[in-house]
Every structure is written in C-alpha cells, then in structure tokens.
Amino acid sequence: MTSLGLVLALLGAVLAALMAGIGSAIGVGMAGEAAAGVVTEDPNKFGKVLLLQLLPGTQGIYGLLVAVLTLIQIGVLGGSTNVSLGQGLLYLVACLPMAFVGLWSAIRQARAAVAGISTVAKRPDQMGKAMIFPAMVETYAILALLVSVLSILNIPRINI
Amino acid sequence: MAVLAMKKVNICALKKDRKSILETLQRIGIVEIADLEFDQDFFDKIDTMNMRSVFEKNSLIAKEALEILEKYVPEEINFLSSMLAPKEISKKEYYFFLNKVEEIMHVANEIIDLYSSINDKQTKIAQINKQVEMLSDWKNLDVPMNFNGTKKTKAFIGTLPQNLDDLSLRELLSELLPDEDRYDLKVLNKNDDQSFVFVLCHVYAAEKIFETLRTLGFAWPAYSTDEIPGVKIDSILKQLDELKEQARLDEEKIKSFKDQRNAIKFMADYHDMRSQKYEVISKLLHTKNVFMLSGFVPQKYAKKLEHFLLSRFNIAIEFTDPSEEDEVPVVLQNNGFSSPVEGVLESYSLPGKGEIDPTSVMAIFYYFLFGMMLSDAAYGLIIVAVCGFILIKYKNMKAGLKKALKMFLYCGISTTFWGFLFGSFFGDAIEVVSTTFFNKPIVLPALWFTPINEPMRMLAFSFGVGLLHIFTGLFLQLYELVRDKRFRDALYDVVSWYFLIGGLVVYMLSAPMITEMLAMNFILSKFIGNIGLAFAGIGTLLILFTTGRESKNPFKRFLKGLYGLYGVTGYLSDILSYSRLLALGLATGVIAQVFNKMGTMAGNGPVGLILFLIVFLVGHTMNIAINLLGAYVHTNRLQFVEFFGKFYQGGGRKFSPFFANTKYYRVTEDICDD
Numbered sequence: 001m002t003s004l005g006l007v008l009a010l011l012g013a014v015l016a017a018l019m020a021g022i023g024s025a026i027g028v029g030m031a032g033e034a035a036a037g038v039v040t041e042d043p044n045k046f047g048k049v050l051l052l053q054l055l056p057g058t059q060g061i062y063g064l065l066v067a068v069l070t071l072i073q074i075g076v077l078g079g080s081t082n083v084s085l086g087q088g089l090l091y092l093v094a095c096l097p098m099a100f101v102g103l104w105s106a107i108r109q110a111r112a113a114v115a116g117i118s119t120v121a122k123r124p125d126q127m128g129k130a131m132i133f134p135a136m137v138e139t140y141a142i143l144a145l146l147v148s149v150l151s152i153l154n155i156p157r158i159n160i
Numbered sequence: 001m002a003v004l005a006m007k008k009v010n011i012c013a014l015k016k017d018r019k020s021i022l023e024t025l026q027r028i029g030i031v032e033i034a035d036l037e038f039d040q041d042f043f044d045k046i047d048t049m050n051m052r053s054v055f056e057k058n059s060l061i062a063k064e065a066l067e068i069l070e071k072y073v074p075e076e077i078n079f080l081s082s083m084l085a086p087k088e089i090s091k092k093e094y095y096f097f098l099n100k101v102e103e104i105m106h107v108a109n110e111i112i113d114l115y116s117s118i119n120d121k122q123t124k125i126a127q128i129n130k131q132v133e134m135l136s137d138w139k140n141l142d143v144p145m146n147f148n149g150t151k152k153t154k155a156f157i158g159t160l161p162q163n164l165d166d167l168s169l170r171e172l173l174s175e176l177l178p179d180e181d182r183y184d185l186k187v188l189n190k191n192d193d194q195s196f197v198f199v200l201c202h203v204y205a206a207e208k209i210f211e212t213l214r215t216l217g218f219a220w221p222a223y224s225t226d227e228i229p230g231v232k233i234d235s236i237l238k239q240l241d242e243l244k245e246q247a248r249l250d251e252e253k254i255k256s257f258k259d260q261r262n263a264i265k266f267m268a269d270y271h272d273m274r275s276q277k278y279e280v281i282s283k284l285l286h287t288k289n290v291f292m293l294s295g296f297v298p299q300k301y302a303k304k305l306e307h308f309l310l311s312r313f314n315i316a317i318e319f320t321d322p323s324e325e326d327e328v329p330v331v332l333q334n335n336g337f338s339s340p341v342e343g344v345l346e347s348y349s350l351p352g353k354g355e356i357d358p359t360s361v362m363a364i365f366y367y368f369l370f371g372m373m374l375s376d377a378a379y380g381l382i383i384v385a386v387c388g389f390i391l392i393k394y395k396n397m398k399a400g401l402k403k404a405l406k407m408f409l410y411c412g413i414s415t416t417f418w419g420f421l422f423g424s425f426f427g428d429a430i431e432v433v434s435t436t437f438f439n440k441p442i443v444l445p446a447l448w449f450t451p452i453n454e455p456m457r458m459l460a461f462s463f464g465v466g467l468l469h470i471f472t473g474l475f476l477q478l479y480e481l482v483r484d485k486r487f488r489d490a491l492y493d494v495v496s497w498y499f500l501i502g503g504l505v506v507y508m509l510s511a512p513m514i515t516e517m518l519a520m521n522f523i524l525s526k527f528i529g530n531i532g533l534a535f536a537g538i539g540t541l542l543i544l545f546t547t548g549r550e551s552k553n554p555f556k557r558f559l560k561g562l563y564g565l566y567g568v569t570g571y572l573s574d575i576l577s578y579s580r581l582l583a584l585g586l587a588t589g590v591i592a593q594v595f596n597k598m599g600t601m602a603g604n605g606p607v608g609l610i611l612f613l614i615v616f617l618v619g620h621t622m623n624i625a626i627n628l629l630g631a632y633v634h635t636n637r638l639q640f641v642e643f644f645g646k647f648y649q650g651g652g653r654k655f656s657p658f659f660a661n662t663k664y665y666r667v668t669e670d671i672c673d674d
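Those protein sequence lines, which keep their order, are chains A and B. Quick note: the first sequence uses the numbering used here, first residue 1, plus one each step. Quick note: the second sequence uses the numbering used here, first residue 1, plus one each step.
Read the hints as simulated data drawn from the structure, not as lab findings. For glycine and all other residues, C-beta sits at the position ideal for the given N, C-alpha and C. Hints should not be assumed to be uniformly reliable.
The calculated DSSO-like cross-link candidates involving lysine-lysine, where the alpha carbons are at most 27 Å apart (straight line), are [as the list claims (entries may be wrong)]:
{"id": "1", "chain 1": "A", "residue 1": "122", "chain 2": "B", "residue 2": "57"}
{"id": "2", "chain 1": "B", "residue 1": "393", "chain 2": "A", "residue 2": "45"}
{"id": "3", "chain 1": "B", "residue 1": "654", "chain 2": "A", "residue 2": "48"}
{"id": "4", "chain 1": "B", "residue 1": "398", "chain 2": "A", "residue 2": "45"}
{"id": "5", "chain 1": "A", "residue 1": "129", "chain 2": "B", "residue 2": "57"}
{"id": "6", "chain 1": "B", "residue 1": "87", "chain 2": "B", "residue 2": "288"}
{"id": "7", "chain 1": "A", "residue 1": "48", "chain 2": "B", "residue 2": "403"}
Part of the chain B face toward chain A, derived, beta carbon under 10 Å [as the list claims (entries may be wrong)]:
{"id": "8", "residue": "187"}
{"id": "9", "residue": "190"}
{"id": "10", "residue": "194"}
{"id": "11", "residue": "346"}
{"id": "12", "residue": "352"}
{"id": "13", "residue": "579"}
{"id": "14", "residue": "626"}
{"id": "15", "residue": "627"}
{"id": "16", "residue": "632"}
{"id": "17", "residue": "640"}
Looking from chain B toward chain A, a few residues come up when the C-beta cut is under 8 Å (computed) [as the list claims (entries may be wrong)]:
{"id": "18", "residue": "580"}
{"id": "19", "residue": "617"}
{"id": "20", "residue": "636"}
{"id": "21", "residue": "637"}
Only chain B is shown next, with the shape it has when bound in the complex (with noise of 0.2 Å):
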C-alpha cells in the first residue's frame, strides 16, 4: 500500500540529439515532463502548434481511411477485440513502415478520395433516378416537353389533378366551352390523383382554352427539358448506368487497398505519436544549442533511467527530491490483491499530498462487502467462471479493464464464500428442483445462518460490519495524524469519537431491550455498559470542548462543540447505512427464490421441465445483471461515503508520464523488469 515515492529529473542535452532522446523517452514512458518556467533573457520556447495541427491532421486523414476501408472490407475481429491493449510493432515493421509514410500517406488520402467521389457519383444517381421518375409520367409524349405550338398551334403540356381519359376530359371542355372545337387533346397517362395531358389548339383559341384549363386545375410539368421524354429517359438510363459502373470501380480501387491497413494503422498512431512528440518540445527550454527538460519519475526508477540515457546520450541528468511547492503526481503500487481496486479509488480521487493509499485496506472490505450484497454461491461461481476464462484467455487486455475483471474476479469469491454462509445457491434452486422434480426435498443448509429467516440477526451483523469498516476509517485518520505527530488533533478528533461511538455501542449491547431487539444470543453485563456509558462521557466531554479549539471567543467555542457533537447523527445514519447490506442481500435471495417458484408453476412433467429451464436461464441472468450492478453501486457508496468520509481528502494529480499514446499499436520499450 502505497503511493510512489517521486524525483524529480532534470536533463540538458545537446539539440541535436533532441529528437532521439525525446523518442527515446516517449517508448520507455516513465517520465512525466513538466511545462517549465523560463527566463527570458536566457532560453527560448518553441511555439509547437503549427506543427502539431499538421500531425494531427494526418492522423485524422488515417483514421478516416480507416473507416472507409472498414465499411467496404470489414476487418474480421472477435467482439473482445476493441478490450485488448494494442499489438506490439516489431523492429523491422516499424522502420519498414517509417520509410514509406508518403507513400502510405498518398494511399490514404486516395482512399478518401475515392469514397468522396462514390458519394458524389450516388448523389448524381439518386438525382437521375428522381428525373427518370418524374420523365416516366411523359414517356407517351413523341414531341419534346417544351414544345408549346407550330406557327398556327399552341401545344398544352400538363397536368390536371383529376382521373381522366380522352373522352371523359373531351366532355369537360366541351361543358365548359360550348362553342369551341378547334383543339385536339390527349390524356398520355394518368394515375389516381391525376392526369397527364397534351392538348394542341389553334392560337386563336390559346386564351380562352388556357383560360379554361386553369380552371379544371391545370399546371405546367415540373421537370422540362427540350428532348422527347422517352429518349431523354434512354440516355440518361446509359448514363445511370455508367455512373453506377464507375462507382463500382471505385469501390474496387478501395477494396483493393486492403492489404495496406495495417500501414494506414501505423500512420495514425506515427502521426499522434509526432504530435504528442512536438507537444512535449514546446514544454523544453533552448538555447542556441542545448536543450533543457524537467520532469518527475517514479523513484524506483531513476537509477535505470539514468544508465540507460547515459549508456545511449552524450547528457547531463540529475536527479533531486520534489520540493514542498512542487504538485507531485502520484502512482499507485499494489499488490496483486489489493491493485485491482485502485481504479474504483481512483474514480474517487487518488490521494492528495501527504495521504496515505487507502487501496489496501478498502480492497479487504470492498470484496468482503460485495460478497454480503450479493451474497449467492452459484452466481459468484459464475463470475468467477466468467473473468477467469477472459482474463486467462486473452492475456493482452488493456490494463484498466484487467484490473475491473480482477476485482469482479476477487469479489465473485467472496460472493461464492457468503453464498454458502447464508445457504443460498441460485436462491433456493437446489430444493425446489429436489422436491418438484425427484420428490426429495435436499436442502442445502446454510453453513450459518439463513438471513431471509432470521433478518433482525443479519441486520444485527450488517451493523456490526459497519462499525468495523468505520473505526477502520477513522484508525486510518488516527494512523496520519499520529504519524504527522500531531497527537492533540487524534486525541480530540478520532479518539473522542471512538469513545464516544464504541462507549454507546458498548452500553446498548448491554441493554435487554437491545439485544432483544436484534436476535442477538449475548449480553454484556450491566458493570461493562455501565464502563462503556462512562468512555462515551469522557468522548462527549472531549468533543464538547475541543471541537471549537481553533475559535478564540469561549461562547464561540462552546456552540462550535455542541455542533461537533450534533455529528453523532451523523455517525447513527453512517451506521444505519449498513443495512443495505442486508436489504440487498434478501433482494437477490427473494428475487431468485420468485423465479424458482414461477419456473415449478407446470409441475413435474416435460412441460413443467421446459418452463422451468426457459424460466431458470432467463430469470437468474435478469437477477444476476441488476443485483451485480447493485452490490457494485452499493459497495462503492459504502466506501466513498461512509469509509473515505472518515479520514479521505484525495485531490492527487495522475501521474501522465510522456510515452507513445498510441491506438493500433504498441510502440514502447520496458526498461523497468516489474
């Protein structure tokens, strides 16, 4: 348990060999590198920015051929693919890809491209389909669409938003202009809303029969064009055709750059990996021809990191203690048991100035907690079987999501422990099975106590841990101060409390009521409550009288003290807090046990067999989901809130050492064994 002791490096180097020290740097990855303040008259900065939107660029120009590649020629990958950490890129692949970035580059900015001209080609098809559509409804018309009349005619081309034919439109006209018949009309298509017409009359007759089709509703087409409507359809389906077979062969042209993403892959992360490169530069001080950089690394390290630079560079490296102004990142060490819990404290707040880890500690609890909450044999089994086989079967996992499936790892043991301690594997499964379908009731006894008979007993117990977990917290913030030599702050802050809290506790166990109460098959004698009401004095005295030692004004004083001491509510609902864990507990034992009961509702025949599996499979998944999620949920708030809120700041910076944040492949150098 604990936090990584840091140094601080400073290197100063020759210019020239700048770019192989920061590569070297950036694949080795232990060194964090610190934005330096400078001196005007002495050193220079180099503005980086240019460069970097420029990587940045090319980087994004990768990934978006990437893409491209794998809409068209999908990348075969299981579904644990995007959970693994990224390959290693050999020596030879690396320098063989590093010869050809513009070649590659060229390639990728091809591939997009292409694709923009698809999509531009299938913009096209899509409007010369829409024009074919609208030119079907004209394909009867032999004159071309404009066509409005000879020197003697006037041609109507239109629509009426009726359903027409000749004769019926014939009859209209006529109702509608008795004393007119010199105009010949033709209804070339029609559909339920209307009708396609051509109607030719001489121009003397243009107005009014113009007039008069106004007035059935008629319109110009929307579409015009100068070609008779079947050619035109004719030569713009040819060149449908030629566009769709141009984009084919794009597609192709794409499809044919397969093999090269692995290359592309490598672009990507060589761009980000520049780009992180030159982000650094502008961090580092220059002369004329030296450079200076600043930065922290793990302690434990230094000595390598030192031989390895020197054995390689021509530098002067030196080494010194963080000073007290310095913002010390903090790293994490842990071991096996305890690390995989790091990132649930991480998602609190890693540990500020002078903490110390609490990892250990609460990953004792954290499973042991989880277990209570979940608290059934077969679905701690199940877990286990489950993070198992992932973390033994693909043994390159990114490391955050290794460690969540250890935890879970750990957590599905101890839930399997509490599981047989409370005699509950899939809920009740194995007794109903027994007595449904063998008419043999076997029980499977609890190697305890079963918390759903007696729940004042379980209750009882969830507080009793909760008082454990607490004074564990508060023996943390005894632990720093003590360890801070400030023994007047653990006297009136941590140890007034355990008097005052242990002393209650004492007392109440010793009152019949009590105990009663809460099933509980011991009782102390009244000389022991009567010691424990006696500390609990001495803690309220304590805290009445020092809560307030920093105010001056005794009146002050004393009011401050009477609130530090209104924190007993504060520890009462700390302590109540706990009976989640029996509340969560009896939730997945009930839920379970509801589902066994509905699975026997068809009895004992082939039926009842098949609504029972059907039921069993879908109904403990369901309960296995919601109640992980629980006891996840749970135990995190358990310690955030009631544990960390004893002793825990937090408020530590991550330690973001500069190395090659690469997505496709690893591309590092581990100088360190461990």
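So here's chain A without its partners, still in its complex pose (with noise of 0.2 Å):
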C-alpha cells in the first residue's frame, strides 16, 4: 500500500498524456481531412492550410508536458521514488485540468480550425484572421496548463 501515492500519481501523468493526446490526434485528424480537401482544389494553399491543421496539435504537447513534469517530480525518470498517498492524490487532481481542457478544447479548436481553413479556401489572404478564432480556444488549454504546471511545481512543497 505504501506505493499507492506513486501509482496515483502515475495515473495523473498517464490520464493527462492521454486525454490530450486523444484530443489533439482527433483534432488534427479533422483539420487533416478539411486541410487535404482544399489543396486537392489548390495545392498552393498547402502551407497556409498546414499551419491550421497543426493549431489543434498543441494541447497533446501540453499533455505530454504535464506528463513528463510529473514523472520527473515523482522520481520516475530517476531519482527517488517517495510519493506519499497524499502528494499522489494531489498529483492526480493537478493533472486533471490539462487532461481535460485538452481533450475537449482540442476537438473544439479542430472546429474552429476546419472552418479556418474554408475561409483560407475562398479568401487566402483572410489567412490571419483564420488563425485567430482557432487561437482562441487554445487560450483555455494553456490555462489549464497553467494550473496543472503549477500545481505540480509546487506539490513537493506541501506535507502531506
């Protein structure tokens, strides 16, 4: 029972890599099929339309980041290995707001995305302004970032 602390925390890293993972393949997935169908009209649109497909990548790298963090923290990557119940439980919840707000805001952001890349399709030079909306949502995922990252960085501090 005394590993209980590591395993939740792994769980944490895990569910965070994971959710924001998912989020972002199915994310860039979607803007991938929008993305293919405009340069099958016209391929010189390739680099524009690229650019949106990869803003919904974001939040799997956010995953990926809370992830590490945490298995750095807990000693998984080397070093050692005491993680209390407590500091496990609260590694957990810290991971959980990336795990979500990624999953979900990838998927949203994938939407705004596709409807980027049709305005691209019609009006090229509006390329900006099709960034934006996409950018919006992100907002969201980084705050959850933020949240996460900073719960982690100071987890050790707390006697739990």
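These two chains come separately, so use the hints to put the complex back together.
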C-alpha cells in the first residue's frame, strides 16, 4: 500500500498525456481532412492550411509536458520515488485540468480550425483572422496547462 | 509610423496619347485609378469587357503552353525560386518579344494542339491495348471471329464459365445430349474461370446444342471482328507502333520549343498587362478627342509624377486634397525596424479614417512578446541564421515574404535575448551533455532567473508585461482623442480606466497576500496602497456616471454606467491572458528538457552518443517548429485582441495602384528613389 501514492501520481501523468493526446489526434485529423480537401482544389494553399491543421496539435504537446513534469517530480525518470498517498492524490488531481480541457479544447479548436480552413479556401488573404479563431479556443488549454504545471511544481512543498 | 498622405490627381489628355500614357502609368505603378461617376451628356465610357476577355484567353493559352512545356522539359529551378520576385526584363528583350507576338502565340497554340493530339493518341493506344488483350484470348482460332457456320453447319464461338479441356467438355455434352453426335468441338484457350470454345455442328442439331451450351453458361464474346484473331492482332499491333511513334514525334516537337519558354512567359505577362490596362480604360471618361483620368497618388510622389508626365506628354494635370467623402486608400510607411510587422497589421485590418498607424508601437511589443514565448537562445540563433542566410542569399525576394523573414529575424534576436536571460540553450542541453559525456556538469547560468524554478515570479512578470501592453494601447486611444480635441471623451473613456486599473494594481501590490503569492521581493507601503485605492474609486465613479452620457434618461444612464463598470472583468481577463507568456515559455523549455533527457537514456557509450544525436536533432527540430507556430499565433492574438481591442478599429482600404501585375517578368520603372 505504500506505493499507492506513486500509482495515483502516475495515473495522473498518464491521463494528461492520454486525454490531451487523444483530443489532439482527433483534432489534427479533422483539420487534416479539411486541409486535404482544399489542397485538391489548390495545391498552392498547402502551407497555409498546414498551419491551421497544426493548431489543435498543441494540446497533445501540453499533455506530454504535464505528464513528463509529473514523472520527473515523482522520480519515475530517475531519483527517489518517494510519494506519499496524499501527494499522489494531489498529483492526480493536478493533472486533471490538462487532461479534460486538453481533450475538449483540442476537438473544439479543430472545429474552429476546419472553419478557418474553409475561410482560407475562399479568401486566402484572410489567413491572419482565420488563425485567430482557433487560437481563441487554445487560450483555455493554456490556462489549464498553467494550473496543472503550477500545481505540480509546488506539490513537493506541501507536507501531506 | 505613419499612414502616407494621399493626393487626388486628375489628368486630362488627348485620346491619341492614351495608350502611351496608360502604359507609362502602368510601368511606374504609383497611381490608383478611380472609377469615375459621369455625366452622360458630355462623356462616354468604353466597355472593354470583350477586349479583356480576349487578352485573358491569350494569357491562359500562354500559361497552359508553359505548363505543358514544364511537363516535358522541366525548367531547372531551385526550391526557393517560387518565392523570388520576377526578374526585370530588359528594354531590348521587351521590344524583341513585342514584335513577335503573333509568332509566339502561334507556338503556344501549337504546343497546346500537340499536347491534345498526344492525349488523343494515348487514349487510342489504351483502347487498342484493351482490344489486343481481348483478342489474345482467341488467338488460336483460325477462322474469323464472326464465323457462324456454312450451309450445312453452324458454329458457336464463345466462352463457358468453367475450366474445361476438349475431353471434359465432350463428356459434359454427351452426358446432357446422349443421342447427339453431329458436332465437333475444340477448346481454344482457357484460364481459371473460363474456357474459350469453338463448337461446330450440323444445322439440324444447332438448336439443341445451343440450348445445351446455354445451360452450361455459354456466352458470346464481348468483342467480335470479321477477321481471324491472329491476323487482326498483328495488324493492330502495327497500328499501335505507328501511334506510339507519332506520339513520340509530337513529344519531340513540344520539346523542340523549349527555347521559346521565355517568349511564352512574356506572352502571359503581356496579355495580363493589356487586360489590366483595358480594365483601367473602362474607368476613364472620354469625349471625342479627350480622355479624363482621376485617382490617388501618395503626396510625396505627386511632384515627381507631375514632372515625369509633363516632360513626356502634352497633358493637363492637377492635384487636390481628398475630400471628406473620399474613401482614401491606405499605404503604410515605417522604418526598417517596424515595417516587417506591417503584414501582421494588414492581416488584421489597415488603419481606418483618422486612425494612427500603430505599426511601430506594435513592432516593439511583437518582438518582445514573441521572444518571451519562444525564449530559447539556441532556437533564436537558429532562426536568425536561417532568416539571415535567406535574406542575404536571395536579395530579389517577393516583398511580402521579405517582410515576413525580416520579422522572424527580429523575433529570433529577441528569442535569443530572452533565452540567455532565462538560461535556456536547447533547454538544458549544455548541462545534460556535460554531465553525461564529460562527467563534469556545466550549467549555463540564467542572466536573470529560470522560469521553471520560479514560475510565480515569471507569472507576475507576464502580468506586468500585459499591463504595460494594455496601458500602451489605452495611451494610443488617449492620443487619438486628444489629437481630435475630444478632451471629455479622453477623460471619461481612457483616464478613468487608468485610474481604476492602475489604482487597483497599486493597491494589490501593497497587500501582503498578493505579493507573497506572486513571489514579489518588494511591497508597497499601506499609504501608497490607499492612494491607489482612492484613484480606483475616482475611476469607478467616473465610469459609473459617464459611460451612459449619450442617453437622456437618467435611469438608463445609470444602468449603462453599471454595465460600463462591468468592463473591469474584461481588463481582468485581458491581463490574465498574458499568463500564456509563462505557459508557452515553459512549454518550449520543458519539452526541450524532455528530449535532452530521452537522448541520454542510453548512457555515455558510442550507442548513447548516437542515440543522443538522433533524439537531439529530431526532438529539437520538432520543438522549434511547434513552438514557433505557437509563439506566432499567440503573439498575434495578444496584439489583435488585447492590444488592438483598446484603441484600434481598422477598416482602411489598401492602396492598389495601377501597375504591371505580372508573373514572370517585372515591367516597371522606378521614378521614386526610395
């Protein structure tokens, strides 16, 4: 039972990578389909639609970031793996914002990106604006990332 | 930082000079020509639609011919050539081509004809191949395929859906027709799922045999001919060779035109230019002998334009200031440091009427914020190196692309700067490499502090930057209001917010709870905090009682004031939004660290070294790419939403001068030195 804390913390790390990764995979996939459609009509727009396709991909990276930070903190990647039950729970909870917001925001952002791709298909000069709409959604993934990271970095200081 | 002042220009000239005047204007490319309203009693307009469609068609023909040429004789190009601006055409070349327009168009048409004839032949070749394929199943047949018997006999040539030979087919038939033997048969060919059979029988037995064959699944061949299959195959193979030879000759002929490529390119440009010119002609006013032209020209070029035209043509030219109703087009002019971000401004919107050009202020923040988000010295140096190399190597670059590269160059410099401040060089690569491979940890010290170790400090700094950015935006609004002498609006809409937000911030900095949370190493005294609070109170009252100043109804005015005060949440979220500076900076740094760690997992040996190099290269390339995108998008967002939201509406129309908008050659003449 002494290692249950470690299990919980690892569960948190894995959830962050897992759910944010799934979200980004779905999102980048959706945007990719739309982008491929535009490229069949006009191959010159490849660069532009590729940028838009990549936008929902960041959540996966943020998930990875949270996961790895947690792994470093709990010593899975070397060092001592001394995590109390309470701390393990804290890590798990700290990872949740990134996990859930990552999943949902990536998918929602992808829908905005798909819409942006159709904007670019019709009006390539509006690229700047088309990029901003998906970026708006990403704000919330960033906020979640921030909460998760700040919590994870500060958990070792909590004596529980 | 400025929007260029515009002059309206009116030109009146003789019709006989129209062609040369317009061509001159097209070459110098500094006049935007307006579509004039006109009085039908005096003037006429010319509908040039038909002419234009002819030119456009010719241009398309030339472009299609080029595409075909490219297919058979690809032009040697390097990968950057699509980014380069078209090269200038010499006068000699220009007139040389101009004298041979018809000849060159003839070549272009011929290329297209040859190509379509090659296509026809290839379709035919495909058809013939299909025929040969079908006939080859019957090549053992030594009578014509449509042979159906003699006077006394009847022949059935067709397929059966089984794999049969002579013997098995005979057995099958004798089983089904035990009493009949007035036939002979031969299996000509067979494969796994069908047999090609020839059955010959007496006419009297024909019906019975046919019925029986039908029950076995007999089918007539899909393709039939009145020749013997073997002979037919030989003859069409000969035809095939001929076709192939002809197609090859056509192809050779197309290839022989490769020296005409430049001429055809010029044709595409030439017809595009003429089409553009005729579009302008449709905007002019004409009388019997005279035409009128009106448009916009940047003020600083006005004098030059006047001299240039008057020295060449017999015209009347006048300049006037644009009136209030005129929708004046916008050109931005900025110094080398800020002009690179003009593209970003343009992608939002150009300054509307009476608005200032925020480019130069924006540029400073743009580079600053971008650098903070990417914040890795090595990444910054890579960006600087790549952009710098391309900029030096390819001087003749398309203007927009050149600006973008310059922008990233400056962003790269800023990234390097922040990278050293935060002690990040490929993440913690220096420490990791020295520890793993040299057993002697060397740490690149942060010149300021390491955000990952002190995230709260970085967060506080990000908010500070955000506050500065937003206040600068408000200041620009203040500047515009004061410039327009709207002092009251300035006080009510800008100063009040300065009081409220600034006061609150000062008050918060005097509260121990906040400063501890943000890991500040200073705290303002209680007294200063209270002054801040007082200012916040004044701001609040100002907003509460002035936001609804347009409404007469006092109750409504009060409600509007309350709603105005609600705007404070907007400022709160705006400032919190700058936490992305921390988050994206951490993202770059931590992902870089992750890759470094992964790379060292195989230890210190040769295998470890190889693994490290691979992971390092792949990992950091990916990290640069994804974070460059992130930094770009989110810097734009902070500019567009948080910054522009405070003062900038936009809505200006871009200045689009009449110029030779060509694809392959530059046909311009610079009369403006800068």
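Here is what the structure says about each hint:
{"no.": "1", "hint": "122/A <-> 57/B", "verdict": "23 Å, holds"}
{"no.": "2", "hint": "393/B <-> 45/A", "verdict": "25 Å, holds"}
{"no.": "3", "hint": "654/B <-> 48/A", "verdict": "22 Å, holds"}
{"no.": "4", "hint": "398/B <-> 45/A", "verdict": "17 Å, holds"}
{"no.": "5", "hint": "129/A <-> 57/B", "verdict": "34 Å, violated"}
{"no.": "6", "hint": "87/B <-> 288/B", "verdict": "40 Å, violated"}
{"no.": "7", "hint": "48/A <-> 403/B", "verdict": "17 Å, holds"}
{"no.": "8", "hint": "187", "verdict": "49 Å, violated"}
{"no.": "9", "hint": "190", "verdict": "44 Å, violated"}
{"no.": "10", "hint": "194", "verdict": "40 Å, violated"}
{"no.": "11", "hint": "346", "verdict": "8 Å, holds"}
{"no.": "12", "hint": "352", "verdict": "16 Å, violated"}
{"no.": "13", "hint": "579", "verdict": "5 Å, holds"}
{"no.": "14", "hint": "626", "verdict": "6 Å, holds"}
{"no.": "15", "hint": "627", "verdict": "9 Å, holds"}
{"no.": "16", "hint": "632", "verdict": "8 Å, holds"}
{"no.": "17", "hint": "640", "verdict": "6 Å, holds"}
{"no.": "18", "hint": "580", "verdict": "5 Å, holds"}
{"no.": "19", "hint": "617", "verdict": "18 Å, violated"}
{"no.": "20", "hint": "636", "verdict": "6 Å, holds"}
{"no.": "21", "hint": "637", "verdict": "5 Å, holds"}
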